[in-house]
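Peer 1: Let the hints inform the model, and build the full structure from the sequences given.
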Amino acid sequence: MNVISRGIKNALRSPLRSGAIVLMLAISIGLILSMLVARGSVNSKIDEVKSTAGTSITITPAGVNGFAGGGDALTSTQLATITSTAHITGTSASLNDQLSSTDTSLTASLELGNFGARQMRFEGSSTPSSANSSPSDTTITRRAPTPRTTVTGTTNPNSVSTNGSDLTLTSGETIDGTSSELVALVGSDLATKNSLVVGSTFTAYTKTITVKGIFSTGNKFQDSGIIMPLATVQTLTDQSGSVNSIVAKVDSSDNVSSTVAALKTALSDKADIVSQAEQAAASVSSLESIASLALGGVIGATIAGAVIVLLAMIMVVRERRREIGVIKAIGGTNRKVVGQFVTEALTLTVIGSIIGLALGVAVSGPMTTSLVSSSTSSTTSTSGRPAGGPGEMMRGGFNQISKNLTSVTSTLTPTIFASAIGITLLIAVIGAAVPAWFISKISPAEVLRTE
Amino acid sequence: MLVVKNLSKSFSSASGDVTALNKVNLTVQTGEFASIIGKSGSGKSTLLSMLGALDIPTSGSIEVDGVDIAKLSAGKQTAYRAKKIGFVFQHYNLIPNLTALENVMLALEFGGMPAKKRKARAEQLLTDVGLEPDEQLRKPPRLSGGQQQRVSIARALANHPAIVLADEPTGNLDSETGKKIFDLLHHLSRSEKTTILAVTHDMDIAGKTDRTFKLKDGKIIA
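The listed protein sequences correspond, in order, to chains A and E.
All residue numbers for the first sequence refer to this note's numbering, where the first residue is 89 and numbers rise by one.
All residue numbers for the second sequence refer to this note's numbering, where the first residue is 28 and numbers rise by one.
Worth flagging that the hints you see were computed from the coordinates, not collected in a lab.
A few of these clues could be false.
[To be verified] With a straight-line Cα cutoff of 27 angstroms, these simulated DSSO-like cross-link-like pairs (lysine-lysine) come out: (1) Lys424(A) x Lys103(E); (2) Lys111(E) x Lys529(A); (3) Lys424(A) x Lys111(E); (4) Lys97(A) x Lys220(E); (5) Lys424(A) x Lys98(E).
[Said to hold, decoys possible] If you want the ones that stay clear, here's a sample from chain A, every Cβ over 12 angstroms from chain E, calculated: (6) Thr146; (7) Gly420; (8) Val449.
[As the list claims (entries may be wrong)] Quick look at which bits of chain E chain A covers, simulated, 3 or more residues with Cβ under 8 angstroms: (9) 71-77; (10) 97-109; (11) 135-148.
Please read all numbers here as calculations on a predicted model, not as lab measurements.
Every residue, glycine too, gets a C-beta built ideally from N, C-alpha and C.
Peer 2: Take a look at the structure:
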């Protein structure tokens, strides 16, 4: 029998007390592990959300949101300013317009509905709807609101995609956004409605446009529209050099905030600037608070665990003061006595750890889920923004971020497991170090004084 | 041979310094069985703790076979206790969760005996003090007072000590058992040629030892 086996044997000397200590330790170690898992999972989700948010910045004319609002379109000078801003690696610009039935041979595939009718109620305000006309108004010309077809003139047709990847073409080929040809990509709904196929032509702005491809985004608004080269739309609508949406790519996600700030300074109040990364950062703030809460939990549970072992060992040392004196009196060195008690503390910690880690593995999943779901319900309601048009693409991204926030899955990685074991050892060391100091202070003469 | 010269020990207390031992001088020959008698508070236990290197004297010297143990470093004092000294206590002071055999083996471990030889030596010692093999495997709470003191004596003798210091070895036993324990100590001091210094208040026992020192107020008076 040596120091180690004596220590282990002593740990089991009082089964009831050892059981209580082990149980308390197991609970705190279980809590440490589940908090570490929650923190790790939430942190990886934060990174994921931030990375999927991308590095793009959307710049729109101040006061414009989709087809709502008012103000001046962005100019080619402003586009040049944006392009020359530091960290911006590329831009795609777009100009949107709407074709009414008088502008085009196409029949809009989007039903007007109540929403559309309300959006158009101010147009031609001096011409009340003929549907509601009374006999006394018959002298005034009226026009019923008609559904319109959205035209997106863009330097990069892929920017219309709603899922962040390239635009999906169901037939034909994409168009060169930088050209000024009379070509178009037609949304699948619009193509079906007008029986358009690749090679078909249609009239818009009195010109004949050739269909180069049919695209499908799964978004009814987009699939009812037309994509044309930016210059073509600018020429056809007499808005040379104007754009009403610019998406700028930043070289690194770390530079998004500074680039947004630089653009805001350069464009002053002429443009509204938003970045997905900034929005994502705001959206993940609740997850970040969970991560810091979990870290607090880890620290708290570690302290609790260390205090449990510490108090238990102090109690044991006080109780066995005479026994320690005897061991020293018959020639036991401080090292041997301390070694025996440290082994005893370690044994309790190891048994507590095994139970606690098993407990942690079992509860970490449900605990992470409940922490995240109760905390992000407030976040999801903050991301909605009204109006349609080009803003749709950005909103799609934000909704995806919100969905991501609630889908945190707890993952127990080897690193987290190793951290939990490391913390447990720390508990054992702290819990045993102080009693060890007490032991070294016990005089062997104790054995005679208490006689 | 044990030679104590001008040994003094003072303690600081709330009411001032207390002199527990005052210039004690004594000599005990190797293999001698000596006893120390005195009233409670006369300094018996303090003297024993100095001789056993459990405490450090304020002044004076304690020479065991020519080595002044009062001047040894803490590490060497521990080694001295392990190899040169055997203790027998009034309350036996066995480790309660170790068997009688393991208690003796513990002393052998501290004495530096190789692990393989400890068990045989401990069994031999326990047999010598009169413990049956089945009793040797019992833990102290399952042994009688007399049996526990026998184990304590076996533990004290484990490393062939130069001196066995016994603090009231029969104080907790009935007179018949006490006599047997005394006879055992006496026998061992003869057969093992071990010096034994026993603190006692039992005059019968003191009378049977080779020499008796009487302590009063920290001084040897006879």
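Peer 1: Any of the earlier hints contradicted here, and which numbers?
Peer 2: 4, 7
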